[in-house]
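A.B. asks: Reading the sequence shown from the start, the letters are residues 1 to 81 in the working numbering.
Okay, the calculated beta carbon distance ranges per label pair:
1) 27 to 51: 20 to 30 Å
2) 80 to 30: 24 to 34 Å
3) 10 to 49: 37 to 47 Å
4) 10 to 70: 18 to 28 Å
Honestly, the hints are just simulated from the structure, not real lab data. Yeah, the Cβ is synthetic: ideal placement off N, Cα and C, and Gly gets one too.
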Amino acid sequence: MKTDFLSLTGFQWQCITMVLISLVIRFIIGRRRFNRRGLGGLQQYSSYSKGLVVGFIERFLMMLTGVLIVVCTVLFLTGYP
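Whenever a hint applies, use it, and build me the whole structure from the sequences.
C.D. replies: Structure, rendered in structure tokens:
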């Protein structure tokens with residue numbers, strides 16, 4: 001009996017890889033946010049500008065990875081190519 005998992009197309013493997021990469025990026029951002037928390041539960045930065053830049057980059061990456069996960073999942077399930 002042949003399993004369907006091993007007969008995936010190259011595009012489907014790329015979708016799986018992109019979802020895994022996106023999940024790893026989201027995990028890294030979440031861990032960095034957790035490690036920046038102080039006793040009061042707020043994130044601590046050395047300067048205001050650093051807080052703005054890091055916050056913007058993190059929000060952008062979280063949105064990008066969220067969209068990438070959704071798009072790749074839909075394309076994988078529909079068997080796009």
